[in-house]
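Chemist: Got chain F sorted already, so can you dock chain B onto it with the hints?
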Amino acid sequence: MQPQQELTPDHVVTLAEHGRWSDAARLRALELTLVPPTQEDWRHFLDRVLLAMGSLGLMLGVIFFIAANWSGLGSWSKFMLVDLGIVGGALAAHRLGLDRDAGRWALTVSAGLVGAFLALMGQVYQSGADPYTLFAGWAALITPWAVAGAFGPLWAMWLIVVNVAANLYVQGSTAACWLGLLNGVAWLLAEALKPRFGWTAFPAVLAICWTTFAAWSELVDFRGTGFAVPVWLLFTAAGVAVSLRMRSRAKLTAFGLGIVVILTTLLAKAMDWSNTFDFLFLGLAVVGQITALVQLVRRVDEAP
Amino acid sequence: MKLHALLQQLHEEGLIDNAALPPDATGMPWYLKVATAIGAWIATFFLLIFSVGFAYSSEFFAFVFGAGQCSLGALFARRQRGEWWNQLGLSLWLTGCCLMVYGLCSTLPGDAELWASALCLFLLSFFYPERFGKLLTVLLAGLAVVGALCWQSSVPADVVVLLLGFAGGYCCLARAQLWRRGWQTATPVYGTGALLTMMMVLVASYWDWTDNPASEASALILSLGVLWFVARLLQQVRFRPLAGIWAIVAVIALGVVTYQTPGIMAGVGVLLLGFHVRSRLLQFLAVVFLLVFLSAYYYFLGVPLLQKSLMLFAAGLLLLMLRRGLRSA
Numbered sequence: 001m002q003p004q005q006e007l008t009p010d011h012v013v014t015l016a017e018h019g020r021w022s023d024a025a026r027l028r029a030l031e032l033t034l035v036p037p038t039q040e041d042w043r044h045f046l047d048r049v050l051l052a053m054g055s056l057g058l059m060l061g062v063i064f065f066i067a068a069n070w071s072g073l074g075s076w077s078k079f080m081l082v083d084l085g086i087v088g089g090a091l092a093a094h095r096l097g098l099d100r101d102a103g104r105w106a107l108t109v110s111a112g113l114v115g116a117f118l119a120l121m122g123q124v125y126q127s128g129a130d131p132y133t134l135f136a137g138w139a140a141l142i143t144p145w146a147v148a149g150a151f152g153p154l155w156a157m158w159l160i161v162v163n164v165a166a167n168l169y170v171q172g173s174t175a176a177c178w179l180g181l182l183n184g185v186a187w188l189l190a191e192a193l194k195p196r197f198g199w200t201a202f203p204a205v206l207a208i209c210w211t212t213f214a215a216w217s218e219l220v221d222f223r224g225t226g227f228a229v230p231v232w233l234l235f236t237a238a239g240v241a242v243s244l245r246m247r248s249r250a251k252l253t254a255f256g257l258g259i260v261v262i263l264t265t266l267l268a269k270a271m272d273w274s275n276t277f278d279f280l281f282l283g284l285a286v287v288g289q290i291t292a293l294v295q296l297v298r299r300v301d302e303a304p
Numbered sequence: 001m002k003l004h005a006l007l008q009q010l011h012e013e014g015l016i017d018n019a020a021l022p023p024d025a026t027g028m029p030w031y032l033k034v035a036t037a038i039g040a041w042i043a044t045f046f047l048l049i050f051s052v053g054f055a056y057s058s059e060f061f062a063f064v065f066g067a068g069q070c071s072l073g074a075l076f077a078r079r080q081r082g083e084w085w086n087q088l089g090l091s092l093w094l095t096g097c098c099l100m101v102y103g104l105c106s107t108l109p110g111d112a113e114l115w116a117s118a119l120c121l122f123l124l125s126f127f128y129p130e131r132f133g134k135l136l137t138v139l140l141a142g143l144a145v146v147g148a149l150c151w152q153s154s155v156p157a158d159v160v161v162l163l164l165g166f167a168g169g170y171c172c173l174a175r176a177q178l179w180r181r182g183w184q185t186a187t188p189v190y191g192t193g194a195l196l197t198m199m200m201v202l203v204a205s206y207w208d209w210t211d212n213p214a215s216e217a218s219a220l221i222l223s224l225g226v227l228w229f230v231a232r233l234l235q236q237v238r239f240r241p242l243a244g245i246w247a248i249v250a251v252i253a254l255g256v257v258t259y260q261t262p263g264i265m266a267g268v269g270v271l272l273l274g275f276h277v278r279s280r281l282l283q284f285l286a287v288v289f290l291l292v293f294l295s296a297y298y299y300f301l302g303v304p305l306l307q308k309s310l311m312l313f314a315a316g317l318l319l320l321m322l323r324r325g326l327r328s329a
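Chains F and B, in that order, are what the protein sequence lines are. Sequential numbering from 1 applies to the first sequence in my numbering. Sequential numbering from 1 applies to the second sequence in my numbering.
Calculated directly from the structure, the hints in this document are not laboratory data. Quick caveat, the model's predicted, so the values are computed rather than measured. Mixed in with the good hints, there may be bad ones.
[What the hints assert, rightly or not] No more than 20 Å apart at the CA atoms, straight line, and that leaves these computed lysine to any residue pairs for SDA-like:
| hint | chain 1 | residue 1 | chain 2 | residue 2 |
| --- | --- | --- | --- | --- |
| 1 | B | LYS33 | F | VAL205 |
| 2 | B | LYS2 | B | ALA176 |
| 3 | B | LYS2 | B | LEU15 |
| 4 | B | LYS2 | F | HIS44 |
| 5 | B | LYS2 | F | PRO37 |
| 6 | B | LYS33 | F | PRO37 |
| 7 | B | LYS2 | F | PHE202 |
| 8 | B | LYS2 | F | ASP10 |
| 9 | B | LYS33 | F | VAL261 |
| 10 | B | LYS33 | F | THR291 |
| 11 | B | LYS33 | B | LEU104 |
| 12 | F | LYS78 | B | PRO304 |
| 13 | B | LYS2 | F | LEU34 |
| 14 | B | LYS33 | F | ILE259 |
| 15 | B | LYS33 | F | LEU284 |
| 16 | B | LYS33 | F | CYS209 |
| 17 | F | LYS78 | B | GLN307 |
| 18 | B | LYS2 | F | VAL35 |
| 19 | B | LYS33 | F | ALA292 |
| 20 | B | LYS33 | F | LEU7 |
| 21 | B | LYS33 | F | VAL35 |
[Stated by the list, open to error] Partial selection, computed: residues in chain F whose CB lies under 8 Å from chain B:
| hint | residue |
| --- | --- |
| 22 | GLN39 |
| 23 | PHE65 |
| 24 | GLY172 |
| 25 | ALA175 |
| 26 | ARG249 |
| 27 | GLY288 |
| 28 | VAL294 |
Just so it is clear, CB atoms sit at the ideal spot from N, CA and C, and this is done for glycine as well.
With the rest of the complex left out, here is chain F (with noise of 0.2 Å):
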């Protein structure tokens, strides 16, 4: 718990035990938590709320609409909703502000809209290119409006939609691989940059599935590259250092969930599976890597 968290009379039983509160202390401190929130904490969760469903609605709705008309439409009419959308989306960014949530959930709903008018793009002239090219330039076009906004939900989009580029375009039993190491350089400018490159926990957790991924392919013999185990060792030494370092137990707790699964995949494989007890092994060592997990990062102070 920290000092500034807003409690829950979960909470409450947790401290009043570990305090060895009396029952007058414990009685009044679970009247205190179940205090509904205030008019100010209404306003504020709805503020927010509300801006993101709406540009949320908003940017769908033109999304739905287009593909709705776009048989019907004329190609002009076409690239004028949406080019409308973005320079609309772009100029309320610049006239709320960028400091602003308001002016930041602007500029996602044009960066998303980009994607739509490339799309749009796509099927009206049949270039025929690559469908890796169209999430390739649109990330591309994007890049200067997500380094301008400094925003964690426009960054996420420009890295899912680097992440699907990337997929289309190396595809086959590496794919995995070179995804993990791209999340992971993303994850490195995320913390180097904070708090300018968006969230970092995003890509931190990103590299992690994807070299997991590619590490348990090659264990279970789906997808044989060869260094797909050696990246996810070296990634992962990597990786725990510098949460160690930063004394992020969010991610250290990641990084060990990807360990309990090779460590659970490799285990599998050196079995013969002909004894039951081989299954009753397997679930005992899942349990054993769980609590070292569990008590590892307990005993790592959170960062401030």
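Modeler: Leaving out everything else, chain B in the frame of chain F:
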């Protein structure tokens, strides 16, 4: 109320000796809970295969073996001897639940199997001492309900949505009374479980996995529920009359615009309830399900794509206008 403010107030009232955070009182952060849940389920999978090796030939033996595992798991969890025992207890408990359900429900006629499984798991959840394990058991019961609607039942999904929405809403709104009566797990376990199951039923309906999917009746019920909650909230929090009018109009309009997609009003309702009880889990789940419903909305063939686009645009505009209205009121 924030932690430091609570400790300060209790200290000022003379109820605690000092305002410092008690040692080892940090509890388990959400990402460790997620890791624990994943580990428990993976271990349960392996333990289940091991157990089935002994129990597959006899439903009665499976039931007894499962009951034994459940008892052992609950005992380990109750003793609180350390993380290893907590993890083992949770995995044994979940494995035992699966075996007991298999042993009990295999003897029932096909139509009732999954419903009986859901009921069995729901009742079993009362016997596990620790909250996290209770929640996982209730979620397993929820999956059985969804399975029953998809494969075994002619029960209308609207009825299930109504019952689950009412149960979840009651657990959240009557939180204070339930706590005072000693039912501390009602809101975080059964409230969350009911609302999450309701969302899963709506997802299954959306993809036409059920024989009697949720219809406009569910949308009407959920819209009325959200409207009632908003009206109650306006009275308690004492927003200005103009803000109240904005909010009521917006809810009604949103209900009309999304009447063919009950999942969206359900997501909105769960999001508001989640904030009311300060449950980040409910808020997170509401956002995830809203995104799922919006994505699934694209593939929904009951409404033309053009109409869907206009409805989404109108809904987005409405929400932004409501935000402006609340700010200026």
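Chemist: Determine for every hint whether it applies to the structure shown.
Modeler: Hints, verified against the model:
Between the alpha carbons of LYS33(B) and VAL205(F) the distance comes to roughly 16 Å, so the proposed pair stays at or under 20 Å and holds. The hinted pair formed by LYS2(B) and ALA176(B) meets the criterion: a straight-line CA distance of about 18 Å does not exceed 20 Å. Between LYS2(B) and LEU15(B), the direct Cα distance comes to roughly 17 Å. Compliance with the 20 Å bound is thereby established for this hinted pair. With a C-alpha separation of about 16 Å, the suggested pairing of LYS2(B) with HIS44(F) holds against the 20 Å cut-off.
Distance check on the hinted pair: LYS2(B) and PRO37(F) sit about 12 Å apart at the alpha-carbon level, within 20 Å; holds. The suggested pairing of LYS33(B) with PRO37(F) is violated, with an alpha-carbon distance near 25 Å, which exceeds 20 Å. Simply put, LYS2(B) and PHE202(F) have alpha-carbon atoms about 28 Å apart, too far for the 20 Å limit, and the pair is violated. The straight-line distance between the Cα atoms of LYS2(B) and ASP10(F) is roughly 13 Å, inside the 20 Å bound, and the hint therefore holds.
Under the criterion of a C-alpha separation no larger than 20 Å, the hint pairing LYS33(B) with VAL261(F) is consistent with the structure, at around 17 Å. Note on LYS33(B) and THR291(F): the hinted pairing holds, with a Cα-Cα distance of about 12 Å set against a maximum of 20 Å. Distance hint between LYS33(B) and LEU104(B) is unfulfilled; the C-alpha atoms sit about 30 Å from each other, more than 20 Å. For the hint linking LYS78(F) to PRO304(B), the alpha-carbon distance of about 19 Å falls within 20 Å, and the restraint holds.
With a C-alpha separation of about 12 Å, the suggested pair LYS2(B) and LEU34(F) falls inside the 20 Å cut-off, and the hint holds. Proposed proximity of LYS33(B) and ILE259(F) is supported: the alpha carbons are some 17 Å apart, at most 20 Å. About 19 Å separates the Cα atoms of LYS33(B) and LEU284(F), which keeps this hinted pair within 20 Å; it holds. Proximity of LYS33(B) to CYS209(F) is assessed by CA-CA distance (about 18 Å); at most 20 Å being required, the pair is judged to hold.
Between LYS78(F) and GLN307(B) the CA atoms are separated by roughly 17 Å; this keeps the pair inside 20 Å, and the hint holds. Using a Cα cut-off of 20 Å, the hinted pair LYS2(B) and VAL35(F) holds, with the two alpha carbons roughly 12 Å apart. Annotation: proposed proximity of LYS33(B) to ALA292(F) holds, straight-line Cα distance about 14 Å (limit 20 Å). The straight-line distance between the Cα atoms of LYS33(B) and LEU7(F) is roughly 17 Å, inside the 20 Å bound, and the hint therefore holds.
A distance of roughly 26 Å separates the Cα atoms of LYS33(B) and VAL35(F); the hinted pair therefore is violated under the 20 Å criterion. The criterion of a C-beta within 8 Å of any C-beta in chain B is met by GLN39(F), whose closest approach is roughly 5 Å, and the hint holds. This hint holds: PHE65(F) has a C-beta 4 Å from the nearest C-beta of chain B, less than the 8 Å allowed. For GLY172(F), the suggested interface contact is broken, since its CB lies about 28 Å from the closest CB of chain B, more than 8 Å.
With a least beta-carbon distance of about 24 Å to chain B, the hint placing ALA175(F) at the interface is violated under the 8 Å criterion. Checking ARG249(F) against chain B by beta carbon gives a least distance of about 7 Å; that is within 8 Å, so the hint holds. Here the hint on GLY288(F) is kept, as its CB sits about 7 Å from the closest CB of chain B, short of 8 Å. This hint holds: VAL294(F) has a C-beta 5 Å from the nearest C-beta of chain B, less than the 8 Å allowed.
The structure fails to meet hints 6, 7, 11, 21, 24, 25 from the earlier list, while all remaining hints are met.
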